[in-house]
Amino acid sequence: MTSIDTEFQRESIAAPPLRWRELWLKEDWWAIWLGLGIVVVAYVFFANGVSIRWLAVTPAKWSTLPQLGAHFVANYVRYIAQFVAWLAVFSIALTVLGHKAREFIPSFVVLYVLSVIIFALGQWDKANTYNLEPPLVALVLGLLLSNVVGLPRWLDSGFRVEFYIKTGIVLLGATLPFTLIIWAGPVAILQASIVSIVTFLVIYWVGLKLGLDRRLAATLGAGGAVCGVSAAIAISGALGGKKEDAPIAITVVIIWAIAMIFVLPFVAQYLHLPAGVGGAWIGTSEFADAAGFAAAQTYGNMASHGAVAGTSDQAVFAYTLIKVVGRDVWIGIWAFVLAIVATTQWQRTEAGRKPQAAEIWWRFPKFVIGFLVASLIITLVTTGYSLADFNKSVVPTLVAPIKDLRTWAFIFCFLSIGLTTRVRELAGAGKKPFLAFSAGAIVNVIIGFVLSAIVFAAHWENLVR
Amino acid sequence: MGDETPQAQGQCWECRHFRNGAKYLETVFKGLTSLSSGYGSIRSDDGICVRHDQYLSARSSCADFSLCGRRTSLRASKSRVFCRDAHRAIERERRC
Numbered sequence: 419m420t421s422i423d424t425e426f427q428r429e430s431i432a433a434p435p436l437r438w439r440e441l442w443l444k445e446d447w448w449a450i451w452l453g454l455g456i457v458v459v460a461y462v463f464f465a466n467g468v469s470i471r472w473l474a475v476t477p478a479k480w481s482t483l484p485q486l487g488a489h490f491v492a493n494y495v496r497y498i499a500q501f502v503a504w505l506a507v508f509s510i511a512l513t514v515l516g517h518k519a520r521e522f523i524p525s526f527v528v529l530y531v532l533s534v535i536i537f538a539l540g541q542w543d544k545a546n547t548y549n550l551e552p553p554l555v556a557l558v559l560g561l562l563l564s565n566v567v568g569l570p571r572w573l574d575s576g577f578r579v580e581f582y583i584k585t586g587i588v589l590l591g592a593t594l595p596f597t598l599i600i601w602a603g604p605v606a607i608l609q610a611s612i613v614s615i616v617t618f619l620v621i622y623w624v625g626l627k628l629g630l631d632r633r634l635a636a637t638l639g640a641g642g643a644v645c646g647v648s649a650a651i652a653i654s655g656a657l658g659g660k661k662e663d664a665p666i667a668i669t670v671v672i673i674w675a676i677a678m679i680f681v682l683p684f685v686a687q688y689l690h691l692p693a694g695v696g697g698a699w700i701g702t703s704e705f706a707d708a709a710g711f712a713a714a715q716t717y718g719n720m721a722s723h724g725a726v727a728g729t730s731d732q733a734v735f736a737y738t739l740i741k742v743v744g745r746d747v748w749i750g751i752w753a754f755v756l757a758i759v760a761t762t763q764w765q766r767t768e769a770g771r772k773p774q775a776a777e778i779w780w781r782f783p784k785f786v787i788g789f790l791v792a793s794l795i796i797t798l799v800t801t802g803y804s805l806a807d808f809n810k811s812v813v814p815t816l817v818a819p820i821k822d823l824r825t826w827a828f829i830f831c832f833l834s835i836g837l838t839t840r841v842r843e844l845a846g847a848g849k850k851p852f853l854a855f856s857a858g859a860i861v862n863v864i865i866g867f868v869l870s871a872i873v874f875a876a877h878w879e880n881l882v883r
Numbered sequence: 310m311g312d313e314t315p316q317a318q319g320q321c322w323e324c325r326h327f328r329n330g331a332k333y334l335e336t337v338f339k340g341l342t343s344l345s346s347g348y349g350s351i352r353s354d355d356g357i358c359v360r361h362d363q364y365l366s367a368r369s370s371c372a373d374f375s376l377c378g379r380r381t382s383l384r385a386s387k388s389r390v391f392c393r394d395a396h397r398a399i400e401r402e403r404r405c
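Protein sequences, first through last, are from chains F and G. Residue 883, in the numbering used here, is where the first sequence stops; the numbers in between run on with no holes. Residue 405, in the numbering used here, is where the second sequence stops; the numbers in between run on with no holes.
Some clues are possibly wrong.
DSS-like, lysine-lysine: derived pairs with alpha carbons at most 27 Å apart [said to hold, decoys possible]:
hint, chain 1, residue 1, chain 2, residue 2
1, G, Lys332, F, Lys660
2, G, Lys339, F, Lys849
3, F, Lys661, G, Lys332
4, G, Lys339, F, Lys850
5, G, Lys339, F, Lys661
FYI, nobody ran anything at the bench for these hints, they're computed from the structure.
All chains should be built: construct the whole structure from the sequences, respecting the hints.
The structure is reproduced here in structure tokens:
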């Protein structure tokens, strides 16, 4: 019995398999309900000749503070309404998931106010001159607040990185044509599979050479090859790894992922990579979804400012196809295959089980279903429009407001990454795990670059063109 | 592990040594919430065995299985009775 055990009621530390209750007790499903709910409401408004644009308010471009002030004076009711809407839906979801509303509400107030400031800063006409990209500003501000100023632990209730990014990804689905997923998906899967398998093998092999336990090496390998921290804990659980394995993987993934957020967009810009190519490279080089979106969004913003060729959408769409469609969805298969290898080839552990094919579904990142359904819905309901009509009536009243709400969800996420990353609290990873992971990360970046910028360059450069 | 693992009376989720609550895991695994979550589907129902210091599936089993609370069917175990009894067992263990 640990001291942490005594802080929790039994029902909060042990629970039977969720099965159908996952529909309301896992945040993936809540991201689907919220994301698809917004999409459906947006469509109902659109079908009746109105729009949710009023609620999807965002700061306008500005060059002087009086201009910015005038914008907020003119639109403060819309911001309050939007805040209340976000607060209501997130409160319901997080309360059902087991969080305390009395902790979430003040926390979300802080998050929303900071998000408005960051969003507004990003709309400054000189923001690009000083590289004040909202994802990077959000991350730096969050890191400073959590590591220098210090924040009470209970505030973390509102800083739900994964929940916000999953909700944002479902909303992103509504802005990404389903036909594009079908057209570009196979290349994304091929490229991501090559990178994932090579990266995993490098980390695993180097890890074994350095004397790491097989399960730890595989946990680190999955963290680098598939989807960062989430993949690491999924594989550690599937293999029955030591309790210490997951925190080690968490530490090395966080260090690398956050460093890459700041490095990749600027290196891609330095190399003059078009937006789609840069997005694909980030998709193959970043580990965690949230961190990768911060980097891809930053690169997309550079494209919208004219600093790189292409459009913001190209960077974000290419990243999403590689990361979500090409890598995330395969985690269940990785877990199943590695569990078979572990049970048949590796030294047995005290506790274990037979691998089950059902694990592929149990561990499937369900929010991807919402992403695909959202894409399908918008694609189907806009099928009859000509391109001119689509751009004239559908984009401003249906797609753009959803995109604006997606941007809000992403800013909540980017800020939460910084606010929840307390460097001093991370577990000591040790030199060997860090070296093994670093070897894979470097190979990952190189192969990702070759595939994105050379082998499939034309494919990614012309995405949604 | 696997075929060779002794299939004891029950699975880990019924065992007093097992901890798989999302909030609990987010507390134990420092940094988990920075780029992931204890509430994600990808984690399935995995948790920590405090007896063997392993992180493993709730459907695992071992020879050291110790029933948490009274023996119940899966359906009945979904009730709070399971958790209440389990909590009492932990309290007894702590007092010992």
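Each hint, compared with the structure:
1. G:Lys332 / F:Lys660: holds, 19 Å
2. G:Lys339 / F:Lys849: OK: Lys339 (chain G) and Lys849 (chain F) at ~19 Å, within 27 Å.
3. F:Lys661 / G:Lys332: Holds, at about 16 Å.
4. G:Lys339 / F:Lys850: holds, 20 Å
5. G:Lys339 / F:Lys661: Holds, at roughly 12 Å.
The structure shown violates none of the earlier numbered hints.
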